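Let the hints inform the model, and build the full structure from the sequences given.
Note that the protein sequences, when read in sequence, are chains A and B.
Note that my numbering gives residue 4 to position 4 of the first sequence, counting from 1, and the numbers run on in steps of one.
Note that my numbering gives residue 164 to position 164 of the second sequence, counting from 1, and the numbers run on in steps of one.
Please keep in mind that the hints were generated in silico from the structure rather than gathered at the bench.
Treat each hint with caution, since some may be false.
Below 27 Å or equal to it, Euclidean Cα-Cα: the simulated DSS-like pairs (lysine-lysine) are [claimed, not checked]:
{"hint": "1", "chain 1": "B", "residue 1": "Lys111", "chain 2": "B", "residue 2": "Lys56"}
{"hint": "2", "chain 1": "A", "residue 1": "Lys14", "chain 2": "B", "residue 2": "Lys128"}
{"hint": "3", "chain 1": "B", "residue 1": "Lys56", "chain 2": "A", "residue 2": "Lys14"}
{"hint": "4", "chain 1": "A", "residue 1": "Lys26", "chain 2": "A", "residue 2": "Lys14"}
{"hint": "5", "chain 1": "B", "residue 1": "Lys61", "chain 2": "A", "residue 2": "Lys14"}
{"hint": "6", "chain 1": "A", "residue 1": "Lys6", "chain 2": "B", "residue 2": "Lys61"}
{"hint": "7", "chain 1": "B", "residue 1": "Lys128", "chain 2": "A", "residue 2": "Lys26"}
{"hint": "8", "chain 1": "B", "residue 1": "Lys111", "chain 2": "A", "residue 2": "Lys18"}
{"hint": "9", "chain 1": "B", "residue 1": "Lys56", "chain 2": "A", "residue 2": "Lys26"}
{"hint": "10", "chain 1": "A", "residue 1": "Lys6", "chain 2": "B", "residue 2": "Lys128"}
Small disclaimer: the values here were computed from a predicted structure and weren't measured.
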Amino acid sequence: MSVVRKFRPPNRLKAMIKVRGGLLAKDAVAAAETGVETLRDPCLAALDEALVEIERRFLPEVAGREAETFEALYDLVSKILDVAGFAADASVDQAAISLCALVDNCAEAEAWRWEAVDVHINALRLLRNHGATLPEDHRQAMIDGLHTISGLKAEIG
Amino acid sequence: MAAPDALQPSTRINLESATVLVLDDNGPSLEILAQVVSGFGVNALLRAESVAEAQKHVLAKTLDLIISDVQMPEVDGCEFIQWLRREGGEANRYVPVILVTGHTRASQILKIRDAGANFTVAKPITPKVLLERVYWVAREDRMFIECDSYVGPDRRFKHMGPPPGADGRRRDDLPAEVGVAVEANMSQDEINSLMKPAKVSV
Numbered sequence: 001m002s003v004v005r006k007f008r009p010p011n012r013l014k015a016m017i018k019v020r021g022g023l024l025a026k027d028a029v030a031a032a033e034t035g036v037e038t039l040r041d042p043c044l045a046a047l048d049e050a051l052v053e054i055e056r057r058f059l060p061e062v063a064g065r066e067a068e069t070f071e072a073l074y075d076l077v078s079k080i081l082d083v084a085g086f087a088a089d090a091s092v093d094q095a096a097i098s099l100c101a102l103v104d105n106c107a108e109a110e111a112w113r114w115e116a117v118d119v120h121i122n123a124l125r126l127l128r129n130h131g132a133t134l135p136e137d138h139r140q141a142m143i144d145g146l147h148t149i150s151g152l153k154a155e156i157g
Numbered sequence: 001m002a003a004p005d006a007l008q009p010s011t012r013i014n015l016e017s018a019t020v021l022v023l024d025d026n027g028p029s030l031e032i033l034a035q036v037v038s039g040f041g042v043n044a045l046l047r048a049e050s051v052a053e054a055q056k057h058v059l060a061k062t063l064d065l066i067i068s069d070v071q072m073p074e075v076d077g078c079e080f081i082q083w084l085r086r087e088g089g090e091a092n093r094y095v096p097v098i099l100v101t102g103h104t105r106a107s108q109i110l111k112i113r114d115a116g117a118n119f120t121v122a123k124p125i126t127p128k129v130l131l132e133r134v135y136w137v138a139r140e141d142r143m144f145i146e147c148d149s150y151v152g153p154d155r156r157f158k159h160m161g162p163p164p165g166a167d168g169r170r171r172d173d174l175p176a177e178v179g180v181a182v183e184a185n186m187s188q189d190e191i192n193s194l195m196k197p198a199k200v201s202v
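Structure follows, in structure tokens:
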């Protein structure tokens, strides 16, 4: 039978954060935001690169896209999601999460839903190019639609 | 009113002497994590782009916090934490761990729960949310569980409610904030009557 040990290990971080000095939380967050902002251009370039790669391999006109793996698309969308904080004002992050959910559902079912994939890729491109200038309710309506298609809405609800 | 444990803008937090390891196989994502953690005032920051690289740091340094991506090729973040909790050496086995993940695959949910991490944060990360979670894992007082199938913080902390400032994910999660009373205070007699021992016939 398995023996269960319960104990409280020392937490060095606990003592450390209380030591005199350090930063106010608001200053720490501001410094981190300033640091992250320096990465905007390379991160958006990485986002665009991943989106171009998705279009190159997964759009309807691409011959042989049926041979692609679920994993390949999931990994590319994850790369977008990793840096999508820089395009959150365009809701690219939410569209990427929806596409991840869709691909995961496809992988579980072992069957592509190409129409749903196409809608997501088109939406990602539209949001990336114009999302930040769209009225918020229009953008939200798009995201709601994507969530419905991907099944994410049911997961959240 | 904010919960007493919530991280306030005026809360002072000192991470100057903390040694923090950040692990992510995606270069831009690793850079974001590193910039955020540096902004928090961490001077000793170790980066790893693979689990193998992270394991070398674990075996060579004493760490105070690990922030790791989940999805990685070959060995993922969950498997790294499972290794850490059993084979990471006495100095690092119990170090607080925050996992970061974009979308969580259905097949990964239980794996993440059972990895032994202290907290999971959704990507894209923001400095504010990550600092709140760092503050939370630094102050949490959960028991550690060690058995054949699991090593890590006690996973049963539903009764503690969601982290301060978070809405919670379960329908029956109660918010930490109690809000303003909507009814008049009870009189002392009413309170006494609730506590007054009453005779009962046996």
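Under the criterion that the straight-line Cα-Cα distance not exceed 27 Å, is the pair lysine 26 of chain A, lysine 14 of chain A satisfied?
The hint holds at about 19 Å.
Would you check the hint for lysine 56 of chain B and lysine 14 of chain A, treating anything up to 27 Å between C-alpha atoms as holding?
Roughly 25 Å separates the two Cα atoms, so the pair holds.
Measure nothing beyond the straight line between the CA atoms of lysine 111 of chain B and lysine 18 of chain A; if it is 27 Å or shorter, mark the hint as holding.
violated (33 Å)
Given hint lysine 128 of chain B paired with lysine 6 of chain A - CA-CA distance at most 27 Å:
violated (32 Å)
With a cut-off of 27 Å on the C-alpha distance, tell me whether lysine 56 of chain B and lysine 26 of chain A pass.
violated (34 Å)
Between lysine 61 of chain B and lysine 14 of chain A, does the CA-CA distance stay at or below 27 Å?
holds (19 Å)
Straight-line alpha-carbon gap lysine 128 of chain B to lysine 26 of chain A, limit 27 Å:
holds (8 Å)
Restraint status (C-alpha distance of lysine 111 of chain B to lysine 56 of chain B at most 27 Å)
holds (23 Å)
Pairwise hint evaluation, lysine 128 of chain B against lysine 14 of chain A, where the allowed Cα distance is 27 Å at most:
Within the cut-off at roughly 19 Å; holds.
Compare the distance between the alpha carbons of lysine 6 of chain A and lysine 61 of chain B with 27 Å, and conclude whether the hinted pair is satisfied.
holds (26 Å)
Checked against the numbered hints given earlier, this structure breaks hints 8, 9 and 10; the rest are met.
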